[in-house]
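Participant: Protein chains in written order, with numbering that gives the first Met the number 0: chain C, 0 to 328; chain A, 0 to 328; chain S, 0 to 328; chain G, 0 to 328; chain U, 0 to 328; chain W, 0 to 328.
No lab work stands behind these hints, which were simulated from the structure alone.
All residues carry an ideal CB built from backbone N, CA and C; glycine is no exception.
The hints are all genuine.
Okay, the calculated beta carbon distance ranges per label pair:
| no. | chain 1 | residue 1 | chain 2 | residue 2 | range |
| --- | --- | --- | --- | --- | --- |
| 1 | W | Pro-310 | A | Asp-43 | 34 to 42 Å |
| 2 | G | Pro-125 | S | Asn-20 | 40 to 48 Å |
| 3 | W | Lys-262 | S | Arg-255 | 50 to 58 Å |
| 4 | G | Tyr-86 | A | Lys-57 | 51 to 59 Å |
| 5 | A | Met-91 | W | Pro-310 | 25 to 33 Å |
| 6 | W | Pro-268 | G | Asn-173 | 47 to 55 Å |
Pulled from the structure, derived: some chain G residues nowhere near chain A, Cβ distances all over 12 Å:
| no. | residue |
| --- | --- |
| 7 | Ala-7 |
| 8 | Ser-8 |
| 9 | Phe-24 |
| 10 | Asn-27 |
| 11 | Val-30 |
| 12 | His-38 |
| 13 | Arg-59 |
| 14 | Lys-75 |
| 15 | Ala-89 |
| 16 | Pro-125 |
| 17 | Ile-142 |
6 protein chains.
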Amino acid sequence: MKELKKAASKIRALEVQGATNIALFAVNQMVQFAQRNAHLSKPDLWNYLVKAEEIFAKSRSTEPAMRNGLMYILGKLRHDYEQGIDYDMAKMVEIYGSEYEKILKVAKRRIAKYGARLIPDNLDEPYVVQTHCHSSIVEAILIEAHRQGKNFKVISTETRPFYQGRITSKKLSNAGIEVIQVVDSAMRWAANNMGTDLMIIGADAVTSEGTVLNKIGSRLLALVAKEEHIPFYIATPLLKYNPDTAFGNYEKIEMRDTVEIWKDWEQKPENIHILNPAFETVNRLYISGVISEAGIFPSGQVHNNFQLVYPFLHEAYHLVEHQDECDDF
Amino acid sequence: MKELKKAASKIRALEVQGATNIALFAVNQMVQFAQRNAHLSKPDLWNYLVKAEEIFAKSRSTEPAMRNGLMYILGKLRHDYEQGIDYDMAKMVEIYGSEYEKILKVAKRRIAKYGARLIPDNLDEPYVVQTHCHSSIVEAILIEAHRQGKNFKVISTETRPFYQGRITSKKLSNAGIEVIQVVDSAMRWAANNMGTDLMIIGADAVTSEGTVLNKIGSRLLALVAKEEHIPFYIATPLLKYNPDTAFGNYEKIEMRDTVEIWKDWEQKPENIHILNPAFETVNRLYISGVISEAGIFPSGQVHNNFQLVYPFLHEAYHLVEHQDECDDF
Amino acid sequence: MKELKKAASKIRALEVQGATNIALFAVNQMVQFAQRNAHLSKPDLWNYLVKAEEIFAKSRSTEPAMRNGLMYILGKLRHDYEQGIDYDMAKMVEIYGSEYEKILKVAKRRIAKYGARLIPDNLDEPYVVQTHCHSSIVEAILIEAHRQGKNFKVISTETRPFYQGRITSKKLSNAGIEVIQVVDSAMRWAANNMGTDLMIIGADAVTSEGTVLNKIGSRLLALVAKEEHIPFYIATPLLKYNPDTAFGNYEKIEMRDTVEIWKDWEQKPENIHILNPAFETVNRLYISGVISEAGIFPSGQVHNNFQLVYPFLHEAYHLVEHQDECDDF
Amino acid sequence: MKELKKAASKIRALEVQGATNIALFAVNQMVQFAQRNAHLSKPDLWNYLVKAEEIFAKSRSTEPAMRNGLMYILGKLRHDYEQGIDYDMAKMVEIYGSEYEKILKVAKRRIAKYGARLIPDNLDEPYVVQTHCHSSIVEAILIEAHRQGKNFKVISTETRPFYQGRITSKKLSNAGIEVIQVVDSAMRWAANNMGTDLMIIGADAVTSEGTVLNKIGSRLLALVAKEEHIPFYIATPLLKYNPDTAFGNYEKIEMRDTVEIWKDWEQKPENIHILNPAFETVNRLYISGVISEAGIFPSGQVHNNFQLVYPFLHEAYHLVEHQDECDDF
Amino acid sequence: MKELKKAASKIRALEVQGATNIALFAVNQMVQFAQRNAHLSKPDLWNYLVKAEEIFAKSRSTEPAMRNGLMYILGKLRHDYEQGIDYDMAKMVEIYGSEYEKILKVAKRRIAKYGARLIPDNLDEPYVVQTHCHSSIVEAILIEAHRQGKNFKVISTETRPFYQGRITSKKLSNAGIEVIQVVDSAMRWAANNMGTDLMIIGADAVTSEGTVLNKIGSRLLALVAKEEHIPFYIATPLLKYNPDTAFGNYEKIEMRDTVEIWKDWEQKPENIHILNPAFETVNRLYISGVISEAGIFPSGQVHNNFQLVYPFLHEAYHLVEHQDECDDF
Amino acid sequence: MKELKKAASKIRALEVQGATNIALFAVNQMVQFAQRNAHLSKPDLWNYLVKAEEIFAKSRSTEPAMRNGLMYILGKLRHDYEQGIDYDMAKMVEIYGSEYEKILKVAKRRIAKYGARLIPDNLDEPYVVQTHCHSSIVEAILIEAHRQGKNFKVISTETRPFYQGRITSKKLSNAGIEVIQVVDSAMRWAANNMGTDLMIIGADAVTSEGTVLNKIGSRLLALVAKEEHIPFYIATPLLKYNPDTAFGNYEKIEMRDTVEIWKDWEQKPENIHILNPAFETVNRLYISGVISEAGIFPSGQVHNNFQLVYPFLHEAYHLVEHQDECDDF
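All chains, please: the whole structure from these sequences, using the hints.
Facilitator: In structure tokens, the structure reads:
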């Protein structure tokens with residue numbers, strides 16, 4: 000259990016980064032943990048695994064892909080149990096862990112394929128795609144579109160305070176894609192003056208209302224899209240859906256260290272307070288569609304699609320939420 | 000004439016900064032120029048002054064307060080001439096120059112007084128005022144409000160790439176006002192989460208349609224104000240109205256050096272282009288009111304109010320625009 | 000059958016009130032009716048039960064929870080029959096009746112739990128929740144939130160002509176919650192001046208388009224929410240979904256007696272007509288989410304969620320609507 | 000001076016009611032006061048009159064028509080003085096007082112004439128006009144339209160807590176006009192279901208931004224008008240323009256006694272607070288036009304039109320606001 | 000295979016017209032093709048059928064009802080195969096072909112029934128329904144409503160360049176329905192001046208985002224509906240849903256021959272270019288609901304409803320899209 | 000007087016066309032009429048002229064430029080009279096008539112000059128300007144811009160039923176400007192797909208609220224402009240302002256002959272009614288600015304600008320409207 004806590008603290012300390020990496024890391028830890036405790040009785044191992052899930056779940060407030068991975072394993076195990084199937088639990092943890100890993104990989108590949116199709120073929124003038132911050136999924140879409148020979152350029156906002164927009168700019172530029180970089184506050188100017196045709200950003204989490212949580216500035220960009228009637232897409236695996244939001248459990252917006260903002264500034268004067276929110280939310284009415292492994296659809300559909308595509312997971316969260324309901328009556 | 004060109008090039012090179020400073024500097028140069036040429040005949044001096052105005056007008060595309068100052072002197076001189084008043088022209092240039100200086104001072108004082116009244120007295124909880132970039136007029140309003148003991152705090156966005164928002168933060172902080180500083184892309188988050196009650200920004204120029212030209216990011220903030228129904232004010236002397244816009248002559252948006260954006264970045268990759276627009280425009284439908292020396296009114300009224308308050312100036316621009324009309328018929 | 004008609008007329012005459020009470024009352028009547036006729040043959044009893052359902056359905060135009068209860072019993076019976084299960088029909092009516100009762104209870108409990116989570120924990124200043132009219136579900140949410148020690152106050156509009164808003168005010172006040180009462184036409188003023196953070200109202204019915212039918216004034220409040228971008232929630236069991244709306248069968252808005260409005264007024268003058276609509280509709284684009292026993296989701300999802308959560312019921316309505324389709328071909 | 004204070008306190012205590020009545024009463028008091036002090040020297044009488052104006056101005060925060068009347072007299076006197084005209088000051092107060100009275104009468108007559116024209120002639124089906132609260136100006140328009148034989152009916156909202164909407168209903172009904180009365184919260188329902196063609200309400204004051212201050216519920220009605228694209232007019236003399244708002248001096252919204260709301264209710268529970276705002280504001284973007292004695296125009300034009308139609312008054316307010324400006328420099 | 004290509008080219012050349020007719024024609028061709036090749040082995044026949052589907056799919060870019068018909072047959076065959084059911088494949092093609100035909104017929108009948116219910120019974124004044132272009136589904140709804148004795152009239156826009164609006168006008172007029180015909184650019188004027196209560200148009204295709212593709216002018220009408228808050232419905236079988244749009248495969252807007260626009264005009268001048276787009280898209284936020292064989296629901300639900308109502312078809316498209324996915328890993 | 004009536008009937012019968020032509024024709028008739036009656040006494044001639052104005056005013060409901068011309072002559076004459084200037088009235092009619100003619104010419108020239116400036120210089124890609132119907136003023140702007148070598152193309156909608164858009168297309172094409180012609184219902188598609196940068200249309204009349212009356216379809220185009228945030232300008236002389244609208248006197252929308260719409264159609268069926276409105280109105284909130292001889296400004300300013308630029312005319316209308324006011328008191 001100690002090693003699990005160490006692993007969880009690595010996630011908390013941002014030593015592991017990127018939603019998919021964190022998910023794979025946690026799933027892998029769970030698998031190793033099961034193997035180390037393979038000698039236990041099934042009920043005991045089960046209880047251990049449930050506790051392990053809780054430890055990881057608490058490590059980071061906004062990591063639905065990680066929590067979905069752990070719930071996937073637990074959900075599958077419970078199902079086997081209920082079906083009365085006899086099996087080696089530690090082994091099954093490993094199998095379900097690799098299943099989840101494969102699901103994530105397929106998801107990314109499909110999203111890149113579907114998303115790239117949003118840029119038309121055979122254009123005389125380059126299509127203008129605008130993004131904000133850095134999302135490996137958006138990057139994958141654009142690189143796939145470039146690989147197919149599509150004609151487009153990308154507007155990238157620098158994304159203060161950490162300048163992740165520069166990562167996007169460099170990765171795309173290295174892949175041979177033309178990029179226009181502007182300061183964050185020029186996002187509307189650029190959309191209007193460059194004639195943005197399409198906006199795509201990533202997501203840190205999606206709620207049951209179809210609200211998307213993403214890097215600070217995302218809601219601002221969504222406002223610009225709405226004002227100019229520019230199609231605005233979220234590229235994200237369905238596995239970033241947080242089913243707990245259906246029960247009213249929302250993440251708090253993380254407030255990061257002020258040093259990220261005033262480090263290179265002279266000594267901060269007394270009456271100045273700095274606020275450094277990491278994320279903001281985008282309401283479903285601003286979102287044209289979610290590009291997911293299950294296809295492109297309105298973000299308000301995410302709850303139903305998750306339920307149809309990953310019924311095990313849907314079920315697993317309901318079981319946890321309502322486990323003490325029987326006693327109530 | 001050479002000295003005038005030198006002076007104009009100082010303005011062009013940003014050696015003189017701030018709309019009011021530039022206006023005063025140019026008016027002062029005109030006065031000295033008249034004194035140096037006091038020995039000339041009236042028609043000759045007049046022609047010299049007209050040329051001088053043209054030299055300054057070309058030095059900077061977005062300096063209506065400066066051009067209004069020069070047109071004020073010329074307009075007054077013409078009026079004297081048409082009235083058949085006999086006078087010492089060089090002397091009158093000096094007199095009209097100081098008149099304009101006084102008008103600008105009174106304007107600033109009045110705007111500070113009127114604007115401060117927008118923050119209510121005797122509040123239990125601090126009023127939240129949000130601004131963007133640095134405007135000495137907005138600064139004057141807030142310091143006046145603080146002097147009167149009003150209870151408020153200010154949200155200030157850092158304003159990449161030059162961080163003029165930090166100037167605002169420091170000036171207000173030094174005056175004892177509480178300031179909250181956020182990155183530019185958090186402007187909407189801050190408005191919503193801090194509960195912004197009032198937004199005030201400055202202006203670089205105002206057009207006959209009531210459109211305001213101001214620092215990049217201003218239109219974005221206006222969008223936020225509209226979305227959240229937050230009163231959105233422009234604090235500016237009427238003298239930043241550019242009467243030439245009534246004839247369809249709009250300023251181009253200045254594109255500044257890319258080095259302002261990527262200086263501290265590693266060698267810029269090949270496919271990345273940087274765009275660095277200095278300003279953007281805010282349409283009158285986003286503006287609650289303009290706080291001017293002639294009072295607070297809708298920005299769409301600026302053309303009529305300018306005409307009623309400064310009839311000389313209104314006339315002077317019409318004469319220039321339509322000078323060759325007679326020949327046309 | 001006579002007793003059923005008496006019971007239905009009690010519902011019609013508002014002797015039984017509140018959507019849940021009416022549903023439980025009607026289900027209970029159906030159970031007793033089945034027991035009284037337990038001696039009949041199955042086909043005869045079935046026909047009796049179908050007729051009973053029709054009698055109740057006609058008693059009130061806007062009681063989907065009641066009709067869903069009766070359809071639940073009939074749907075389950077039909078399913079048993081189709082499965083060829085042999086059983087005591089009257090007994091099964093009783094069993095399915097209690098099932099439905101339990102479903103309603105669980106629904107309310109879950110909604111209270113989910114809804115309470117919309118108010119954040121550990122706030123320094125009280126959250127401001129605004130409601131309109133009286134809904135026992137909204138009341139349950141707020142009392143649950145108070146029980147958990149959350150810091151909030153409630154704005155309650157008086158809800159002319161029957162002042163049900165005062166019932167809300169008193170019930171919450173008795174539970175120890177701070178309430179601010181205003182006249183109906185001050186609903187926007189209050190939202191803006193008190194800084195409403197969240198609006199929650201109940202529902203009388205929900206349609207397949209995600210439109211909500213609720214007390215007159217609800218649409219007005221929704222407009223205010225939209226203008227000020229205040230999250231606007233509907234708290235209602237999924238069982239208030241009326242599946243017949245999917246077939247285009249909408250309820251008429253009930254016009255109530257004019258005496259409710261002019262009773263305490265001097266003799267109504269001749270040219271004055273009084274209109275007293277009981278309800279109005281709120282379109283899905285104004286609704287942030289529905290808080291239901293199946294979780295929180297966009298109101299446009301209600302049709303699909305009902306189908307996924309209560310497949311029996313979904314099926315039962317389709318069978319009734321399309322029963323003569325076979326003959327058509 | 001004592002009698003003036005008595006008169007002012009009558010206004011404060013609402014013993015005199017209606018904007019025009021209050022204006023006429025105060026002007027009349029000023030005239031009598033001048034006559035009582037006719038024996039004084041001109042400078043002394045002038046000082047007395049200035050003080051008298053201040054006493055009345057403080058009696059009520061939202062009475063621009065009254066203050067405009069007093070400023071009209073003072074402005075005219077000052078003008079005479081500056082022109083070096085020799086005259087009997089007390090006599091002139093009387094003359095200017097009657098001038099103002101006549102101006103108000105003409106204003107009302109013209110507004111009735113212009114406003115009535117907004118209802119087309121010779122309609123087959125009645126035009127539907129919706130109003131809120133009671134305004135004698137709106138009443139005059141509608142009675143004039145009825146006198147001309149126009150075919151229309153009126154929707155009147157009851158206007159809790161004082162039911163002034165019933166006054167409107169009765170006055171119109173007595174004049175032979177068909178009226179439909181609904182509760183306040185049905186204002187949108189009525190607009191949509193009766194097919195409202197036109198909305199007209201009165202005004203308590205107008206600001207330099209073109210914002211209208213009127214009975215609580217007015218902003219709500221304006222929202223409905225905007226949503227349904229129904230023309231929304233304000234019927235008010237230009238003399239309800241408050242020129243001090245151009246200097247940032249806004250009235251506070253009066254909070255009236257809670258007894259107006261809960262009088263007929265059983266003993267108010269402990270945790271319930273009642274708020275009873277008298278007015279709310281309507282922004283110019285919601286207003287199709289102002290129907291004034293100077294014609295129908297956008298409410299944002301009120302500042303310029305006031306200046307063009309009543310230059311004396313415009314000047315008078317500026318003199319008061321800027322009287323100590325000279326000393327500042 | 001040659002005959003198939005001939006049939007496909009008939010579709011391409013518009014010799015067969017109307018979405019349903021085209022669907023039935025293609026399905027029928029497929030049935031005949033299977034019968035002609037009934038002697039082949041199952042694997043061979045299967046391959047032939049797959050190729051046949053491809054030939055038809057390429058014949059027209061916007062014919063989802065046709066492609067759904069062919070996929071229905073293939074999906075059913077595959078299912079039989081996977082279940083290990085032994086059967087006569089050519090015979091089954093015929094059976095599944097008639098199944099699809101019946102499904103389309105039932106769909107139309109149900110849509111007419113559901114849609115007609117949107118017009119209320121027993122109205123004193125005629126309801127005003129506005130449509131654009133000609134849709135046989137909308138025609139069926141209106142004729143059904145007329146058959147039921149409902150009181151309504153229809154606004155029909157002429158629909159340049161082919162005047163299909165006149166077809167609508169004549170068909171309805173022949174059925175005894177009152178029609179008002181206006182030019183296309185009067186669509187807003189008519190909505191406002193006739194008091195349109197309801198708008199219904201057809202659809203050529205629906206996407207996974209709930210976007211509807213329909214005749215040029217449809218988006219314009221949707222704008223009018225949104226501005227005036229008029230309920231705006233799409234009448235279409237679910238079978239016009241194109242499941243490939245979920246994978247990002249959108250149809251191109253067909254550009255038709257310019258001769259349709261300038262034929263009756265004198266010789267077209269040199270600098271004039273004519274553009275003649277056949278369709279445009281309507282976003283889901285403009286659509287009140289889709290009237291389909293599965294009921295009335297938000298157009299954003301079409302993906303989920305299609306999946307729930309036609310699981311075979313949903314599955315069939317996924318199999319095609321992801322057939323080479325296995326090889327990827 | 001008979002000849003005047005003949006002339007007026009020519010205007011009524013559309014023998015004279017185009018707002019400027021009609022104005023010049025009527026003014027010319029008035030001049031000739033004065034010359035024919037030069038022998039009369041001044042009071043008699045004055046009365047004749049007043050009657051003449053009435054005859055023309057009634058000839059056409061929507062011809063403000065004509066009525067302004069006649070009022071200009073009468074206003075000038077009255078002013079001379081009031082100033083006690085002795086003069087030859089018939090001669091003065093001629094002089095004022097030519098003055099007005101010159102004013103109209105200058106107006107058109109200035110508008111062409113100001114409007115052309117809205118298209119930027121030195122563009123790499125052609126600017127896209129969209130218009131509707133045919134306006135000689137818009138034509139003049141575009142030809143002036145082309146003469147200056149600006150790079151742009153024009154989208155022209157055909158404007159059923161009279162296809163005046165084709166006139167625009169041909170005139171511009173003949174002048175060497177590239178034109179794209181689409182059907183009316185493709186106006187939004189074209190704006191979006193061609194990337195319209197600017198919209199300019201003409202005006203038949205402007206009201207005191209800043210509402211513009213123009214060809215049917217103009218309001219629809221304004222909606223498109225608003226949706227896509229495309230600058231939307233009205234090119235019109237201030238002299239198309241109708242000052243009577245300030246008194247509530249609005250023109251009726253002319254309903255033209257149905258034969259314009261169905262002429263080339265087979266015999267119109269019995270139940271089909273055709274409506275053929277000539278104009279529709281555009282509200283000021285949809286209009287970026289009015290391009291007039293007095294400059295470019297918000298359309299809501301038209302009343303004030305008319306008053307400042309043509310004070311004689313403003314006065315003249317007030318005198319007519321209020322002539323019997325004195326007797327009222």
